[in-house]
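Following the hints, put chain B in place on chain A, whose structure we already have.
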Amino acid sequence: MNTTQPNKRIMPTRALSSMFHSKKLGKILALVAILIIFLVPIYRLVLLSFQQDGQLSLANYTNLLMDPKTWDVLYNTVIMVLGSTLIAVTLGVTLAFLVAYTDIRAKKLMQIFFVLPFIIPSYISTLAWTQFLGANGLYGKMVSALPFSLEPINLYSMAGIIFVLGFSHYPLVYLLSVGVLRKIPRELEQASRVSGASAFNTFKKVTLPLALPGIASGGFLAFLANLDNFGIPAFLGIPAQISVLSTYIYQQVVGFGPTAFERAATLSVLLGVVALLGIFIQWLLLKKSKRIETTVEDKKPRFLLGKKRIWIEVFLWSFFLLSSVVPFVSMGMTSLVSAYGLDFTLENITLKNYQYIFETSAKSERAIFNSLKLAGITTLIGIVLGTAFAYYRVRRPNKTNQFQELAISMPYALPGTVMALSMIFAWMEPIPGFNPGIYGSILILFIAYFTRFFILQVRGSITAVMQVDITMEEAAQVSGSNGYSKWRKILLPLLLPGILSGAFLVFLTALTELTVSSLLWSSNAETIGVVIFSFEQAGYSTYSTAFSSVIIGLIVVGMLLLYFIETYWKRKVGKA
Amino acid sequence: MSVKMEQIGKKFGTFEALKQIDLEVETGEFIAILGPSGCGKTTLLRLLAGFLSPTDGQISIEEEEVGNRKKSVPPEKRNIGMVFQQFALWPHLNVEEHIKFPLEHHRFCSKMSTSEKKKRVEEVLDIVELNLFKKRMPQALSGGQKQRVALARAIAPSPALLLMDEPLSNLDAELRMEMRKEIQALHRLTKATIIYVTHDQGEALAMADRIVVMNKGEIEQVGTPKEIYTKPTSTFVASFVGKANLLKGEWQEDTFRPGLNKALRFNGEAVTKEMKAKGLYPVRPEQFQVLPSDANKEGIPAVITSVQYQGKEIHYTVQAEQGEWTVHTDMFSNFSLGDQIFLTLENSFREKEAYRRPQLVRQS
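Quick note, the sequences are listed as chains A and B, same order. Each residue of the first sequence is one higher than the one before, counting from 1 in the working numbering. Each residue of the second sequence is one higher than the one before, counting from 1 in the working numbering.
Excised from the complex, chain B in its bound form:
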C-alpha cells in the first residue's frame, strides 16, 4: 500500500478544513480528488506533500509514518514528486537543469552516480518528448511544453508518490484534452502512484482509477469513475459529478413513483440505497426523454424557460413544479421558449403495465 491516511483532521484556527479523512491508496493507483473550491482537496494534497501538518490523525507513505499531530516530515525528506498549478518553473534554469535538480537533491536519489543521473535525464526527456528543447529556458516554451517540464521534474527521481495540484487548469481547452492523454500515458509508463487534485469532473472521470469526491472538508464518496457517475450515494455527488436533477417521489423496492405524476413508474435498479432512503431519483440531463404532448399521461409536465443550442446537443432549462431542471437532448429536438413539455425516462412504465420502451417522439 502506498499511502494511508487515518482520521486526518486539519484546523486553521477555528476553521475545520478537513474532518476525519480516511483513505488508502494502492501502489500504482491513479486517484483523483474531486471537489468544488474550498472543499479541502488542496489542503489534503499539501498535507501529503508535507507543506502542512495534520492537527489530527496520521499519514504514512510507503509504510513510513510521515505526519501526525506531533511531528511532520518536511517535504524534502518525503519520497514524493509534485506538479504545481502554475507550473512553478525556475526562470533561471533550462529544461535539462530542471530535471537534474531533483536528481541531485532528492533524498532517494543520492546514491546515483553522475553517469546514472545523466542517463536518467535523457530517459525523462524521452518520456516527455522534450529532447529537442533541453537547453531552452522556461520563458521560451509554450504552455504545454512548460507543463511537460513540470511533469518531467516531478517524475525524474521516480518518487513513490506523485502529487498533482490542478495541473491542467492553466491550459486552454484543447491543450487540456491532449495533456489528459499524456498524463495517462505517463501513468502507464512510470507505474507511479498518482494523487491528482481537480475541480473538473471531466478530468477526474477520464483519467482516474478511483475518484474521491470531497465536499466541505469531508469525503462524500470513493469509487471508480463509473460508480461515481452512475451510482452516486449522495445528493452532492449526484449533482456535482453527474449534474443530476433530483426528482422527489416514493420508492417501493426498485420502483420509483415521481411526486409530480403518480401514475408513472421508473425502474430504479441502478439507484443506490442512500438515494432511495432520501426518496430521491437522480436523473442526469441526458437521461430525460422529452414528449411534446401527453396523450397517454406518461410524463411530468414542465415549461421550457431557456434554450441553448450547442451543436451536437441542445440544452434546455425547464421549470417543473419541484423546481428548475436541466435537460439535454440531441440536436434534432425542436422546442421553443415557453413550450409545454412532458418529461419521462427511457425505463419508465405505467402502473399495472409491464416495462415497455416508450415511443420516441421526434420532430424534425
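So that you can see chain A by itself, here it is in the shape it has in the complex:
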C-alpha cells in the first residue's frame, strides 16, 4: 500500500488563495450578522431613550425622574428584589449545607426538587401557589383541620410576590453553593482541627470564608432572576395594582400612551444597566471563588447528625412536598372542577376545561401550535448554527469570537421586557422608514426567540465540544478522515448528548416563554404563555390551570424522554 507518487502537486496556489479569500469573506459576513441580530437592537433602544422629537436630549430621563410614580415603582422594585433575594439565599445556603456536608439520605432524589423550578415556568408555579393558598385551596382545608385558626394568606400582595420569587429562585443559590462547598478540600478543615480549632470555629474561620464568593455569586444570580422576572409580579402584582420595573415597562407599552415607547425605552435602559452591573459583579465573584477550588467534588459527609438526622429529613421532605408538589396538585384539582370556587367532590369533577382548551378555544389551539412551531424552529436552527459557532469558538479561540460570544449572550443577559422592547425598535422598521410588517406577525416572535435563546444552545454545545479532546479528531484525521466522515462518525456521536441537552433547554424555554411574547404577540400569533396569562387576567382560572396542567404534563414527558435517551447513551458509550 506504500504507493509512491513522486513530486505530486499538493494544491494549486491559486485555488488555495481563493479559498482563503472566501473564508475571510465568510468570517466578515458572520461578524456583521451577529452585530445586526444581537447588538443593533440594544443600540437602538439606548438611542431612543436619549431622543425626543428626533433630537438628542436627556428629556426622557428628567421627565421620568420627576414623575413620582417612577419613584414608587423603583421603591417597589427594591423591596421586592431585596426581600426575595434574602429568602432565596437563606433557603439556598441552608439546603446546600445540609446536602453537601451532612449525612442526610436520598440526596439524589432531592436533586429533582432543586431542578424543578428551572424547568417549570415561574408563571405556572405562581398559578399553582395561588390555587394552593387561595380561597378553596388545599391550604384552607389543611388549616381548618388545626385546632386553632390561621389567617388566610393573600398572595396578591408585595409579600406574596416576595414569597413566590424567593421560593422560585433559591435553587440558583443552592446549586452554586453546593458545588463550592463540596470543592473545599476536606484537608483544609482537618488542618484547622489539628491546629486546635473546634468544629464550629473551623466552619466559621475556614469553610465559610472559602465558600463566601461562591455563595455571594449565587446570591447575585438570584438577585438578577428576581429583578428580571416578569411572570410572578405580572400574575400577582398587576391585579393588586403593585408595579415593579418589569411590569411597569410592559404596562407602558401595552397602554400605548403618547410617549409610551420613549418612556418604556428609558425605563428599560435603567433596568438593563442595573442587570448588567449585577452580572458583572456575579462574574467577578465567581472568578474569585474558582481560584480556591480544587477540581474534584468531595461528596462524603463531613458532619454526622446522629439522632437529629431523622427529624431534619422529615422537615426537609415536608418542605419539598409543600413547596413543590402540593401546589401543583392544587392546580390540577382546580383544573378539574366544573366552575371556579366549587368544592373538589366527585359530582363537580369534569374534563370540560380540557375539552375547552383542545376543542372549543381556537386561541389556545393556535397557541399550542404556534409555540411548538416557534420552539421547534428556534431549536433546530440553534442546533446547527450554535454547534458550528461553538466548535469554532472552542477549537480556534480568538479575540473576534470571544467578542461574538459576548454579543450573543447580551439579549439573554438583559431582562426579558428590555429585550422584547429592543426587538420592537429594531424590527418594526429594520431600515428607518421601511416597515415590512415583521412586528405584528409571528416573525417577530421567531426572531426574538432566536436572538434571546441562541446563547443557551451555544453554551450547551461549547461544553460538549470542550469535553471531546482534540486528539479524538486528530486520530480521525491521521486515519484519513476529515470533514464529513469525521463529523458523522466521530464528532457527532460524541457531541450529541451535550448538544441535545442544550437543545432541550432551548426548546423548553421557548415553548413556555411569557415575558418576551407578552410584548410581541399579535392576534393569530399567540403563544402558550400569553394565552394562560390572558385567561388568568380575565378570571378564567379553570382554563388557565387546565392549560398549565397540560404544559406540566408535556414537560414531564419531555424530561422522561431525555432521561431515557441519556441512559441509553450512557449504556452504549459509557463514561469516556
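Just so you know, these hints were derived from the structure itself, not from any lab. Honestly, I wouldn't trust all of these hints.
[Unchecked claim] Listed below are the simulated SDA-like cross-link pairs for lysine to any residue, each with C-alpha atoms no more than 20 angstroms apart in a straight line:
no., chain 1, residue 1, chain 2, residue 2
1, A, K486, B, M179
2, B, K111, A, S485
3, A, K570, B, R136
4, A, K489, B, R107
5, A, K24, B, K70
6, B, K100, A, W487
7, B, K100, A, E474
8, A, K489, B, Q139
9, B, K71, A, N482
10, A, K489, B, P91
11, B, K77, A, E474
12, B, K117, A, S485
13, A, K570, B, A140
14, A, K486, B, A140
15, B, K71, A, S22
16, B, K11, A, R396
17, B, K135, A, R571
18, B, K70, A, S22
19, A, K399, B, F12
This one's a predicted model, so the numbers in the text were calculated from it and none came from an experiment.
Quick look at chain B alone, frame taken from chain A:
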C-alpha cells in the same frame, strides 16, 4: 528514503520552536526523538503529521513533498499512522471498529475490498493479541490494552510512516517495560518506519535504531544508542542522556589531566573531540571508583552530601571543588554522610606510569 527534512524552521509568533532541522530517515528505521519538555520534539512530530506547517524548509515523506513554507498536505492525505499520548480512543467505538476506521478512510486503503479489509482487521488483531477483546468498548479495557488498540489503529493501514507521541507516558512503570518489548516486536513484524518522541532516555536507548537528541529547538546529536550514551558530542547530551558529571581539566591528545588532581591521568580514547575542545571529561555516575583514603594520591577529593540506598546500587551525591557530582556504586560500598572520599576512574594512571588497573577497595 522514507522521510527527509531540510532546513525546517517553525515559529509561533516570535518564538522559534524549531531552528534549521535537517534529518533523513531510512525506510524501516526506528528513530527516537529525545529531549526535555519544551525542546521542540512534539512540534517536530506534529509537523510530520501535518497538524502544523513549517515556517521554513521542506518535508517529504516517501519522496513526496508534503509540507513547505507555502503549502501543507493535511494529515488525512498523508501516508501516516499515529499513536497519541493519551491514546485518543473513541469512546463510542469498540476495538474492531477502531481498527476498521482507518481502513475505510485512509487514502492509501481505498482500493481494498470488503473481504480484504476484514482480513486485515483480523491480521492486526492477531498482531496486538486482542482477538478476544474485539467487541470491547475502550472503557472496558486496561491501560495496556488501550495502548495496543491505539497501536493497532495506527498500523492497520500499513502507513509508510508511524508516528508515536510519548505513547508510554500514561502507563505505570512495569507496564512501560512490557510495552517496550511489544513495540520492538511490532517494529520487527511490520517493518514500518517509526518516529518515536520521548523524554525518557531509557525508552530511547532500549528501542531505537538511532536517537535524535534535541534541545531548545535544535538537534544536539544524532547517533545509535551506544554512540549517544558513550560518546556524547555536547555537554547537553552528556548530562541529559548519560547523566554524566563534567570534569574540568586539560587534554593532551588522548590523556586528560583533571584540574582537581593534576598528578592524575585519565585515558580518554573514547571521548569525542567536541568534549576535548571544551576541556571536559564526561564521567557517568557508574564510571567513578570510590576510594576511602588517598595514600597514593590517586583520586579527586570530595565529601559525601547525600546517600540513597537503591537496593542493587547506592547513589551518592558528593561535593567536589568543581561542584556537585553524582556517583553510583554497587551495594557493597559503605560510606556515610560527611565522609571524605577520593574519586578516580578505572582507566586512570599516574604520571610517568604506565596504565594500570587501580586496586578496588571494598569495605564490607
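Hints, verified against the model:
1. A:K486 / B:M179: violated, 30 angstroms
2. B:K111 / A:S485: holds, 18 angstroms
3. A:K570 / B:R136: Between K570 (chain A) and R136 (chain B) the Cα gap is close to 15 angstroms, so the pair holds against 20 angstroms.
4. A:K489 / B:R107: holds, 17 angstroms
5. A:K24 / B:K70: Satisfied, since the Cα-Cα distance of roughly 18 angstroms is no more than 20 angstroms.
6. B:K100 / A:W487: holds, 17 angstroms
7. B:K100 / A:E474: holds, 16 angstroms
8. A:K489 / B:Q139: holds, 18 angstroms
9. B:K71 / A:N482: Holds, because 18 angstroms separates the two Cα atoms, which is no more than 20 angstroms.
10. A:K489 / B:P91: Status holds; Cα separation ~12 angstroms.
11. B:K77 / A:E474: holds, 13 angstroms
12. B:K117 / A:S485: holds, 18 angstroms
13. A:K570 / B:A140: The hint holds at about 13 angstroms.
14. A:K486 / B:A140: violated, 24 angstroms
15. B:K71 / A:S22: Holds, at about 18 angstroms.
16. B:K11 / A:R396: Answer holds: K11 (chain B) to R396 (chain A) is near 18 angstroms, not above 20 angstroms.
17. B:K135 / A:R571: The hint holds at about 15 angstroms.
18. B:K70 / A:S22: At roughly 18 angstroms apart (the allowed maximum being 20 angstroms), S22 (chain A) and K70 (chain B) satisfy the hint.
19. A:K399 / B:F12: With a Cα-Cα distance of about 17 angstroms, the restraint between K399 (chain A) and F12 (chain B) holds, given a limit of 20 angstroms.
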